[in-house]
Amino acid sequence: MNILFLTLAYPEEENQTNLYTDLMTEFVRHGHTVRVICQREAKSGGQTGWTAHRGVKVLRIRTGNITQSSFIEKGISLIRLKQQFINGYRSYLQQESFDLLIYSTPPVDFADVVAFIKQKNRCKTYLLLKDIFPQNAVDMELMRNGSLLHRYFRNKERKLYRNSDHIGCMSEGNRQFLLKHNPELSAQKVDVNPNSIQPGDVKTLVEKDTLKEKMGIPIDATVYLYGGNLGKPQGIDFLLETVKSLKGRSDIYFLIVGSGTEYEKISYCIQDYQLSNVKLLTALPKTDFDALVSAADVGMIYLDRRFTIPNIPSRLLSYMEQSTCIYAITDRHTDLKEIISSADCGFWSEAGDLAAFKGVIEKIQSHNSLSRLGENGRAYLENHFTVSISYDRIIGAIGMDEQQGLFSVSV
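Numbering (full-length UniProt numbering), first residue to last: 1 to 411.
Everything labelled a hint here was simulated from the structure, so no lab data went into it.
Using N, Cα and C, we set each Cβ at its ideal position, and we do this for glycine too.
Misleading hints may appear alongside valid ones.
[Said to hold, decoys possible] Taking lysine-lysine pairs in the BS3-like style, the calculated list, with each CA pair at most 25 Å apart, reads:
hint	residue 1	residue 2
1	LYS120	LYS212
2	LYS337	LYS180
3	LYS337	LYS358
4	LYS82	LYS130
5	LYS265	LYS358
6	LYS159	LYS180
7	LYS286	LYS214
8	LYS363	LYS212
9	LYS43	LYS214
10	LYS232	LYS265
[Said to hold, decoys possible] The following label-pair restraints were derived from C-beta to C-beta distances:
hint	residue 1	residue 2	range
11	LEU149	SER97	33 to 41 Å
12	LEU149	LYS120	28 to 36 Å
13	ASN2	LEU281	38 to 46 Å
14	PRO218	HIS150	43 to 51 Å
Sequences are here, hints too, so could you generate the full structure?
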């Protein structure tokens with residue numbers, strides 16, 4: 001089967017991965033031919049052209065800047081994105097045909113690209129829904145509900161759903177939210193297809209101590225690691241409240257790793273409040289970050305309390321992969337707390353509740369088996385969040401008979 005995958009980001013270096021590289025590799029492993037179209041932001045200096053990543057040909061299309069850019073610049077770049085992708089397809093893929101088109105959100109602006117490619121190839125379409133926009137922008141008060149801009153993007157969102165033969169949501173809560181707010185959607189075309197990876201090896205305890213020493217972290221301190229985006233959706237103001245509340249604790253050490261619009265704010269806070277038990281690092285390559293996760297005792301997840309959408313951050317898998325206990329501080333709408341409870345792999349408290357946060361911290365500090373919780377998370381990952389599971393759900397949804405390489409026909 002010939003497969004085309006649309007996404008914003010796809011790593012250029014062979015040793016780098018993201019949420020989709022393992023899944024595309026899984027399709028290749030099963031004998032399918034995969035092509036990827038992704039953006040190459042103007043600030044990178046690169047031009048439109050082909051590259052290869054782990055046996056997959058990747059068409060990188062020069063676009064405006066979307067990541068770590070102002071809201072206005074990002075909006076303009078997203079509006080222009082659809083025509084840039086369509087032009088890129090016409091220039092580089094016009095002679096190829098595809099049986100299946102897979103794509104992820106963000107952005108909803110892929111709606112027109114999906115419609116164009118679907119019409120041209122008469123192919124099946126599958127949406128990996130990772131972001132419900134524009135509602136998340138409304139939640140973050142970046143966009144007013146019912147405004148002209150909101151209506152524009154809401155129409156794009158609905159068009160994307162209409163042109164999707166199947167939609168895979170990150171969780172059951174995510175699925176229920178989508179169906180409730182889009183009653184025109186058939187429940188049969190919306191399923192759960194969570195974030196997934198191909199799990200790697202786990203670091204040993206000896207390596208953990210070595211990494212702590214290398215980072216200048218006290219060997220006996222409980223290490224809390226937050227890694228990922230440092231922006232408004234992560235509720236950075238409350239993150240700073242939490243680390244300030246633990247100032248001077250020699251038994252606790254916070255590592256914050258990532259990049260985003262709030263990076264400087266975090267840096268200034270650490271300096272201004274002289275938080276000696278907090279270290280801020282810029283975003284690291286995946287291999288280095290995984291090593292850091294393996295050195296941590298607790299992996300932290302933060303989400304802004306205002307979210308009404310059940311979000312499931314992909315960072316959850318990074319912590320589970322390295323058998324690291326998880327503590328999530330989020331809004332009450334996400335079913336991440338149910339996942340953590342079901343996996344018995346960590347703790348949860350509501351964002352904005354500092355007293356609850358402190359209570360959980362003391363519970364963690366006195367817990368005698370954080371490693372067992374981490375191992376539970378790893379086992380849950382292997383049973384629920386692997387790319388083989390995601391692959392099977394996509395193949396099952398589109399009705400393909402893998403033995404014959406044919407699509408089944410419903411009568």
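Enumerate the violated hints, using their earlier numbering and listing them in ascending order. 1, 9
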